[in-house]
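Asker: Bring the two chains, given one by one in their own frames, into a single complex with the hints.
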Amino acid sequence: NAGVTQTPKFQVLKTGQSMTLQCAQDMNHNSMYWYRQDPGMGLRLIYYSASEGTTDKGEVPNGYNVSRLNKREFSLRLESAAPSQTSVYFCASSTTSNEGRTEAFFGQGTRLTVV
Amino acid sequence: GEDVEQSLFLSVREGDSSVINCTYTDSSSTYLYWYKQEPGAGLQLLTYIFSNMDMKQDQRLTVLLNKKDKHLSLRIADTQTGDSAIYFCAERGPGGSYIPTFGRGTSLIVHP
Chain H
1 NAGVTQTPKF
11 QVLKTGQSMT
21 LQCAQDMNHN
31 SMYWYRQDPG
41 MGLRLIYYSA
51 SEGTTDKGEV
61 PNGYNVSRLN
71 KREFSLRLES
81 AAPSQTSVYF
91 CASSTTSNEG
101 RTEAFFGQGT
111 RLTVV
Chain P
116 GEDVEQSLFL
126 SVREGDSSVI
136 NCTYTDSSST
146 YLYWYKQEPG
156 AGLQLLTYIF
166 SNMDMKQDQR
176 LTVLLNKKDK
186 HLSLRIADTQ
196 TGDSAIYFCA
206 ERGPGGSYIP
216 TFGRGTSLIV
226 HP
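Protein chains in written order, with our numbering: chain H, 1 to 115; chain P, 116 to 227.
The shape of chain P in the complex, shown without the other chains (with noise of 0.2 Å):
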């Protein structure tokens, strides 16, 4: 997770927005992608933004991809109480390998 970095944690209040930063190596990452760890589970893919877009939106779920800076972030909007967990921001393996490669994760704190 050398190559990808992100804070470890961040602490919202529920209602508020939440914005997960990542900072990753390969600019030839086609796509970068975020991944959500629950509780006492493996990851699970959450979104991705292909590499020429800047924005891609989902529901409450916002990506924002500079790629100047190669800076990737996830903000999510309303955020609940189950929106805790570990989020990873993830990409392309070192040389363009399809191996994903995982930053060393952001623990989101929702409290009330």
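Chain H with its partners taken away, still in its complex shape (with noise of 0.2 Å):
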């Protein structure tokens, strides 16, 4: 099983260029998220999916949009890249037993630069 897949690993954008994270799940998961993580600050939500054809705004959406394009894929877009934006992204999806315990997988991260 691949699990959670990120692209780019890497990448460099020059302020005010657009680009477009994508991130796939084989597990078959209904829920995904979009989170970035920087230093100091953990790990903050920016969008998340409950399932196909749903998302919603997590605690930090400003300068986002997200496409939950089918039940596997779910990328995550900047329409207009800002040096703030530089940190890492991961992408996640997550399921939930019966019993109510919730497993997040993550992907490997996407390392963003906004110079």
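The hints are simulated quantities; they were obtained by calculation from the structure and are not laboratory data.
Chain P residues, not near chain H, derived (Cβ > 12 Å throughout):
hint: 1; residue: Q174
hint: 2; residue: D184
hint: 3; residue: Q195
hint: 4; residue: V225
hint: 5; residue: H226
List time: in silico DSSO-like cross-link candidates among lysine-lysine, alpha-carbon distance up to 27 Å:
hint: 6; chain 1: P; residue 1: K171; chain 2: P; residue 2: K183
hint: 7; chain 1: H; residue 1: K9; chain 2: P; residue 2: K151
hint: 8; chain 1: H; residue 1: K57; chain 2: P; residue 2: K151
hint: 9; chain 1: H; residue 1: K71; chain 2: H; residue 2: K57
hint: 10; chain 1: P; residue 1: K182; chain 2: P; residue 2: K171
hint: 11; chain 1: H; residue 1: K57; chain 2: H; residue 2: K14
Cβ coordinates follow ideal geometry from the N, Cα and C atoms, glycine included.
Answerer: Here is the structure:
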């Protein structure tokens, strides 16, 4: 099983450029997430998708858009990149057991630098 | 990560025990979790504890839960250099949602 696959692994953008981060999972999970990780800030939720066809804002959605293309794929788009968006981005998916235990599975991350 | 608090750094000597602490806010969390992030990688679930338990042991790992104080700890016995990583405490999201909410992470540095 590949689990959660993110592309690209590294990216450098100039301020104002746009790009899309791709994410796919092969575990048949309904829920998918995009987080950003910054030093000393931990993981902050950007957007999430509870199921195919639905998306919702997380803690820090400004400057981002998402698309849940199908059950497998959840992409994150930066329309006009800013230096404040320099970060490591993680895609994740999760499954919740009947007992209410949720396990999240993460991709390897995309290290984005905006200059 | 504001609802889950952790100290940012812990440095220990190889062979010693490490204790990573966390305080959380959602008293209705059924499960609490510890995730591990190795350098250059995503997070992986390390262990979890059901809220009606006080302690869970899994080989070198011991999880302690104090529900009254909303305090969770992870003890790693005989810490090895391979344990160097960032450890995240996690609970359910606000209002009991299924969305994992993570603390800021504790960087564990193990030196010889």
